[in-house]
Amino acid sequence: MTLLIVVSVLFGVAYSTSGILPALGVFILTICALYCLGMLLASVFLFYHREAWHLADALQEPIYFLSGFYFPIRSLGAFVGGVGSLIPLTLGLDAIRQLILPGTPQFIPLHWEIVAVVGQIVLYAVLSQVSLRYLERRARQDARLILRST
Amino acid sequence: MIATIAQWRGFKAATWLGWEISSNWTRPLMFLIYSVLRPISAAFILVVMYRVISGRAPGTTDYLAFLVSGVAFWSFVQYGFAGLSNGMAEDRGEYRMLKYVYTSPVDFYLYLFGRGLAQLASAVASALIVLVVATIALSLPIDPLRVNYPVLVVGSVLALAAVIGMAMAYGFLQLQAVDAHGYGELGASVLYVISGAIFPITVLPGILATIASLSPLVYWMELIRRSLLDSHAIRMFPTLSDADVLLRLVVTTVATLLLAHLVFSWADRRARRRGLIDMESNW
Numbered sequence: 001m002t003l004l005i006v007v008s009v010l011f012g013v014a015y016s017t018s019g020i021l022p023a024l025g026v027f028i029l030t031i032c033a034l035y036c037l038g039m040l041l042a043s044v045f046l047f048y049h050r051e052a053w054h055l056a057d058a059l060q061e062p063i064y065f066l067s068g069f070y071f072p073i074r075s076l077g078a079f080v081g082g083v084g085s086l087i088p089l090t091l092g093l094d095a096i097r098q099l100i101l102p103g104t105p106q107f108i109p110l111h112w113e114i115v116a117v118v119g120q121i122v123l124y125a126v127l128s129q130v131s132l133r134y135l136e137r138r139a140r141q142d143a144r145l146i147l148r149s150t
Numbered sequence: 151m152i153a154t155i156a157q158w159r160g161f162k163a164a165t166w167l168g169w170e171i172s173s174n175w176t177r178p179l180m181f182l183i184y185s186v187l188r189p190i191s192a193a194f195i196l197v198v199m200y201r202v203i204s205g206r207a208p209g210t211t212d213y214l215a216f217l218v219s220g221v222a223f224w225s226f227v228q229y230g231f232a233g234l235s236n237g238m239a240e241d242r243g244e245y246r247m248l249k250y251v252y253t254s255p256v257d258f259y260l261y262l263f264g265r266g267l268a269q270l271a272s273a274v275a276s277a278l279i280v281l282v283v284a285t286i287a288l289s290l291p292i293d294p295l296r297v298n299y300p301v302l303v304v305g306s307v308l309a310l311a312a313v314i315g316m317a318m319a320y321g322f323l324q325l326q327a328v329d330a331h332g333y334g335e336l337g338a339s340v341l342y343v344i345s346g347a348i349f350p351i352t353v354l355p356g357i358l359a360t361i362a363s364l365s366p367l368v369y370w371m372e373l374i375r376r377s378l379l380d381s382h383a384i385r386m387f388p389t390l391s392d393a394d395v396l397l398r399l400v401v402t403t404v405a406t407l408l409l410a411h412l413v414f415s416w417a418d419r420r421a422r423r424r425g426l427i428d429m430e431s432n433w
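Sequence lines, in order, name chains A and B. So that you can map any letter, position 73 of the first sequence is 73 in the numbering used here, and since no number is skipped, the others follow by simple counting. So that you can map any letter, position 45 of the second sequence is 195 in the numbering used here, and since no number is skipped, the others follow by simple counting.
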């Protein structure tokens, strides 16, 4: 929040005030979807021990790239943008920008982005439960729960 | 002779240990893939940002080549500087072995040099792949048959020595803090701004541009671009010849190594007095 305020004041960024509350709603939905995706990926850590550490490290920059952190996701084109949309942050960020920064190039219409993020919450929550149960069972069988991994 | 062999064995062991720790004992191929994903994405983030801002205006290829070559070779600093300085904190805090290495017969400088050199394989692979992928994908004016390899290799060896020297001194300074993990990235980020990796140092405010011109990394970046891109290179020092830039690189490298040695010795004395080398720290 400090960063947002300081940089906005320094560079004179103007926001649409009417979009702030809806943007907060989209932000909460996006965080929920990200947590569900995080739970899904957590099971990978149980299973791939040492290599998962590097996987998480290595995926950081590709996620910044694919989710349009530094540029509108539209500039990556439909295919790459579509692949990037599997990360809830991509659509969430695009929706937030549409709400508070009118005129930002949009990837898909706002209401479809919200529907997609809600769908991702349900999908990733179900998948994470299934995956965690399966991998927990496997981890117990292979004695990976107590493996020191870093 | 026996002492030299013992030091060589220590150096080899340090290099191998550095590789195993930095790769976290993963399979080499997996580690290589992971090491490459990150810089490629970082390079493409900058490329897309630049393309969005410039709107594909004509004449942008030369600046893209400037950007990509800087980002590709930056992996040497990222791995060498952040990797080694973080490694010293890890050796003390996580693996709790720094005190044993410090008191062993192997020269501590040699151990750290080997530990830092282990990162070289990842850095070389990363730089090569970013250059190849970006050259093909963005049609950059890099012709492998016309690259000035001697200048590229000499410049990179000098810069690597400076980077490892700076990392040793910075790493020892880090040991003064209890929770020092991640400070390596912080230091590398500062160097990133003043190294001319992504923009010419002339765009920096006056005092920062002066500080940047004292760093060997700027002359290294200039030599990399001149050797890779020849006439297409955007020059940060258009009035200097290749030999002048190389001379400045040599002078700044020697000065950096000297300064690093002084800082290292001071931090070493202080660490010994305060019992910082075997201190229980983070993790």
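Any given hint could turn out to be false.
Said to hold, decoys possible - Not the full set, but computed from the structure, chain B residues with beta-carbon under 10 Å of chain A:
#: 1; residue: Val186
#: 2; residue: Leu187
#: 3; residue: Ile190
#: 4; residue: Ile203
#: 5; residue: Ala207
#: 6; residue: Ala383
#: 7; residue: Ile384
#: 8; residue: Leu408
To be clear, the hints were calculated from the coordinates, so they are not data collected in a lab. Fair warning: this is a prediction, and the values are worked out from it, not measured in the lab. From the three backbone atoms N, C-alpha and C, an ideal C-beta is built for every residue, glycine too.
Structure-based check of each hint:
About 8 Å separates the beta-carbon of Val186 of chain B from the nearest beta-carbon of chain A, less than 10 Å, and the hint is met. Interface hint at Leu187 of chain B: satisfied, since its Cβ lies 4 Å from the closest Cβ of chain A, which is below the 10 Å cut-off. Annotation: interface hint on Ile190 of chain B holds; nearest CB of chain A at approximately 8 Å, less than 10 Å. A distance limit of 10 Å between C-beta atoms decides the matter here; for Ile203 of chain B the minimum to chain A is near 8 Å, and the interface restraint holds.
Hint status for Ala207 of chain B relative to chain A: violated, with the closest Cβ pair at about 15 Å, above 10 Å. Look at Ala383 of chain B: its Cβ only gets to about 26 Å from chain A, farther than 10 Å, so that hint breaks. Interface restraint check: Ile384 of chain B against chain A, minimum CB-CB distance 22 Å, threshold 10 Å, status violated. Restraint check, Leu408 of chain B versus chain A: the minimum CB separation of about 34 Å is more than 10 Å; hint violated.
Consistency note: the structure conflicts with the earlier hints numbered 5, 6, 7 and 8.
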